[in-house]
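**Student:** Residue numbers (the working numbering), protein chains in the order written: chain A, 215 to 544; chain B, 702 to 1010; chain C, -12 to 240.
Just so you know, these hints were derived from the structure itself, not from any lab. Predicted model, so just to flag it, every value in this text is computed and none were measured. Treat the hints loosely; a few may be bogus.
Cross-link-like lysine to aspartate or glutamate pairs, in silico, EDC-like; alpha carbons within 20 angstroms at most [unchecked claim]:
#, chain 1, residue 1, chain 2, residue 2
1, C, 159, C, 189
2, B, 807, B, 903
3, B, 835, A, 499
4, B, 835, A, 496
5, C, 217, C, -5
6, B, 807, C, 80
7, B, 982, A, 347
8, B, 885, B, 903
9, A, 324, B, 752
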Amino acid sequence: MRALSIMRTPYSGFVLFSILLLLLPFTVANDYYFNVLIIIGINSIIVIGLDLLVGYTGQISLGHAAFYGLGAYITGILSARWAWPPIAGLLVALVIVGILAFLIGIPTLKLHGHYLAMATLGLGIIVFILFQELNFLTGGPSGLVGIAPMSLFGFTFDSDLSYYYLVCVFLLATLLLSINVVRSRVGRALRAIHGSEIAASVLGVNVSRFKVGIFVLSTLYAVTAGWLYAHYIAFLSPSSFGFMFSIKLITMVVIGSLGSLWGAIFGAALLTSLPEFLVVFEHYETSVFGLILILVMIFMPRGLLRGLEDLVRKLISMLRKDLKERSLTS
Amino acid sequence: MWGPDTGPPRHEYNNMTFEQQILQYLITGVTVGSIYALIGMGFNIIYNATEIINFAQGEFVMLGGLLTVSGMQLLHLPVPFAAILAIIGVSIVGIALDRAAIRPLKDASPITLIIITIGASIFIRGVASLIWGKEPYLIPAFSGEEPIPFFGAVIQPQSLWVMGVALIVVLSLRQFFGRTLTGKAMLATAVQPRAAKLVGIDASYMVLLSFALSGAVGAAAGIVIGPISMVQYDMGVMLGLKGFCAAIIGGIGHPWGVVFGGITLGIVESLGAGLISSGYKDAIAFVILLLMLFFRPQGVLGKSKGDRV
Amino acid sequence: MNPVLKTEGLTKHFGGVKALDQLDLTVRQGAIQSIIGPNGAGKTTLFNVISNVIPPTVGEVFFNGENITRMQTHTIAAMGLTRTFQNLRLFSEMTVLENVMVGMHLRSKGGFFTSALKLPWVFREEQRIRGESREWLRFVGLHDHTDQIAGSLPFGNQKSLELARALASKPKLLMLDEPAAGLNMRETQDMVQLISQIRDLDITVLLVEHDMDLVMEVSDHVVVLDQGRKIAEGDPETVRKDEVVLKAYLGEE
Ligand SMILES: Nc1ncnc2c1ncn2[C@@H]1O[C@H](COP(=O)(O)OP(=O)(O)OP(=O)(O)O)[C@@H](O)[C@H]1O
Ligand SMILES: [Mg+2]
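If we strip away everything but chain A, and leave its shape as in the complex, we get (with noise of 0.2 angstroms):
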């Protein structure tokens, strides 16, 4: 409970998890869990920035994969064709991107509920079938390969202790960000926005501006997370970058919490873990995973993360009470 509590005021909290992540490492015994430990990284960057829209703000997007395939695309295409530097094609990613998803956001954000969910959902399909077809560009369906490894300021993260903590830096970096964006005016607004768009409004939020706003914010996290993906992996497919990851993704914010940033990356390494280790998963994983999504829907409304805690809360206070009562029968 205590820890739980301590994770609730977010700068010691932030502190602490700097230090697990720091120390992480030293429990690591084999190369392996380090490609899970990465890519868990990768995954909650993307999926803060999803929790931001989805859980904060109340829009959903069934379409962020694509938002992430952009990301790992750009980047990869211009290392791979180009020979551009890393650091160069993250910028340009993030630039393009940021356009893009802010002319889209646009009319895609006034829309609302399921209208919102089938139009992100379409957006992420018609990305994904440009991956497919532009083929000169993005070798198609057999994939990219050629892209070179991580190298920033003449360094190069050819070790996967030297990119886990690459990724650490840059997941550290969108989650400080991201707390104080949560707790700031713009926070209130967003969460305003969630409860009603009306009495919103009328304390004079600009509703479209901040839905369109974060929504901007949340793919360019999409696209940092894609480039530290296509930089380490060295070879991108359209499959990684599909509805299913979209999918995914959703999952991933649901389980852990809507509207809460360490429930995010709970989600991501819960989500993304469970697959390594459990071999049973690779049959039944799609299955499992629509199970999740609705046993927790109806039963942990407010999230795993939430719903355990609650859990947890009602059995002390049981507990407290049971032990009341002994020592007064005593």
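Take the given structure of chain A and dock chains B and C with the ligands to it, following the hints.
**Tutor:** Quick look at chains B and C with the ligands alone, frame taken from chain A:
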């Protein structure tokens, strides 16, 4: 990506004049469009009763096809019986979906409902892949495969089946909602839930019924395209989305709009695939979907309705 | 004196229903003006159309002489016009304090970039927002509930909270839609107190209310609506005795 293709083999187009080719694309478009219309109707039925967009609609279609295959292969039933069994089976799945996932969540937010029905669709698909595996199956054509010549183009007999079934379903739904007491009660529940309750209509039963009916219509779509394209555990994703697209083009909830929407989409897709590039065929539907949502979310035939404040 | 608010020929149709019908209305600076009328008279619709939550069918709205008919709701709010809702619209998942802090949105500037980096001035601004919001909570008597979740408050407190939230934006004109509906007698008395105090804050009030005693007690001027039309207006005493008004109310019984 997956999509039905009903035309003759590619090389046969080379022997046709341009006009004949266009005609051929139109025939294909109307056939595929009828399927989209059927699937879109499934969306409409549930939407009209609940204002929920059921993301598992495509899975109804897939189950319809695969259950028919099983009925024929395991029980050695002739197509019509296997089909009826499949339709009943999918209706039951629809009922189960309502009971298990929708009803426990009275008054849930749209986001919750979206996630739930997506969860259901993934779950159903996952289970289907366990039962039927990932390979495609073929349902034999209902009445032979001898193409019927038509002004220099050809029509597959199965295409006639598809259009015919779509027509019959549309007409019977019209009868059902316009003439029968239950049908009228279902519409009333959607339009005036409180008033409906006052006159003694059991709203939750109507919702249940809409899921069952929607399942049946979806299954019918899956069965009639079985012979044209393979049926496979993941066919529902694309078909479901395109059915939704058809409903949006026509105006969601609008009874005739969806037929118009489906056939329009089918024709545009077929012409686009034939004349421009087949790789982008699926993208066409989604570009249309986005344009509709951005500029005319109430659909071509629908009227906009004011938000209640 | 110049009117704060003026409507000209304001009309709103919902299908066949004329919720507002050629309504001309003026609200004087510094007054507490009330709008009364039977259920369905179009009072809430009037508020919705003025704040452009729904657009009018025809007609114009002027605020401090400026035509705001086609402005977006948040722009209108920025000019100093805000409102409360008949069916509460609190941000029910946020705390009581946070609700009021959203009310101060217009009077602060932190944006995405500056907030993400938590620049020093953003930090100071945040403290100012927090401090002043507490004062508004004290003003409506909710200072003991700051960290409670808004949705968990009792109904009466929720009404006060919505008022505090609207006040925090320091509007020039505040439209209150049935602030006393659902309150018990003591709470209603407190609300009367509050509304009278608002006038001293240099805020003009446009009030919709069914509680006649409340209306008579606080209003300078009363307008009576029926079926979207103005059927009478004047000071509370005159309106109370007006026969047309009596008829409109009795006809409804
Ligand atoms: N969004 C809407 N769509 C259709 N009709 C509406 C809508 N909003 C209001 N109406 C109708 O317009 C008329 C005026 O409604 P309004 O809510 O403005 O009345 P009111 O004076 O606020 O009543 P009350 O005292 O009950 O709050 C009513 O007949 C109502 O049914
Ligand atoms: Mg009203």
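**Student:** State for each hint whether it applies.
**Tutor:** Verification of the supplied hints:
1. C:159 x C:189: holds, 7 angstroms
2. B:807 x B:903: holds, 15 angstroms
3. B:835 x A:499: holds, 14 angstroms
4. B:835 x A:496: holds, 14 angstroms
5. C:217 x C:-5: holds, 12 angstroms
6. B:807 x C:80: Given that 20 angstroms is the threshold and the Cα spacing comes to 19 angstroms, the pair holds.
7. B:982 x A:347: With Cα atoms ~11 angstroms apart, residue 982 of chain B and residue 347 of chain A stay inside 20 angstroms; holds.
8. B:885 x B:903: Holds. Residue 885 of chain B to residue 903 of chain B sits at ~13 angstroms (cutoff 20 angstroms).
9. A:324 x B:752: Roughly 19 angstroms separates the two Cα atoms, so the pair holds.
In terms of the numbered hints stated before, the structure departs from none.
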